[in-house]
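Let the hints inform the model, and build the full structure from the sequences given.
UniProt numbering puts the first residue of the sequence shown at 1, with every later residue one more than the last.
Read the hints as simulated data drawn from the structure, not as lab findings. A virtual CB, placed ideally from N, CA and C, is assigned to each residue, including glycine. Please note: incorrect hints may appear among the correct ones.
Beta-carbon label-pair distances, calculated as ranges [as the list claims (entries may be wrong)]: (1) Leu95 to Asp123: 30 to 38 Å; (2) Phe72 to Lys21: 19 to 27 Å; (3) Pro15 to Glu96: 18 to 26 Å; (4) Ser22 to Pro81: 16 to 24 Å; (5) Phe72 to Pro15: 21 to 29 Å; (6) Tyr77 to Lys49: 21 to 29 Å; (7) Glu50 to Lys21: 37 to 45 Å.
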Amino acid sequence: MSFIILDLQIACSMPQGLPKKSNFLRWVSAVLPKCNQKKEITIRLVDEKESRALNWMFCKKNQPTNILSFPFTAPSYIKTPLLGDLVICRQIVELEALSQNKPLEAHWAHMTIHGSLHLLGYDHSSQYTAEEMEKLETKIIILLGYTDPYIDNIDQSVY
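Structure representation (structure tokens):
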């Protein structure tokens, strides 16, 4: 059984309505491989201003983004359970959920799972790796009881 240390940092100007630490722990736990080692992750919830600044500093994109992942790789002579950090922008997640007609909790879960997979080395830099990552994300999301995040949630019955 894996043991997860979650440092949840709330840096939003309005913390009301954010998912609980137990939700983030559940979502991260669904991603991390089951093993007898403890794992440590930091999740920082931010507003658009901080997201924009970090996205510019690390990705040279002058706009806020839904999630940034910062994997940590220690030198081989240092043993640490630290996987890395996730920075999630509250306003972007909320706007995306609304514009994509997705339940807000499900979108928070998807962003957390997506970022956690990045911490484990998954990426979407090519068509192949993107498809592999999406398949794994979908499998985890469905196991948690949410709908496939890559299927349009708009009512298709009128077509």
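message: Of all the hints numbered above, which does this structure not satisfy? Sort the numbers upward.
response: Hint check: 1, 6, 7 fail, others pass.
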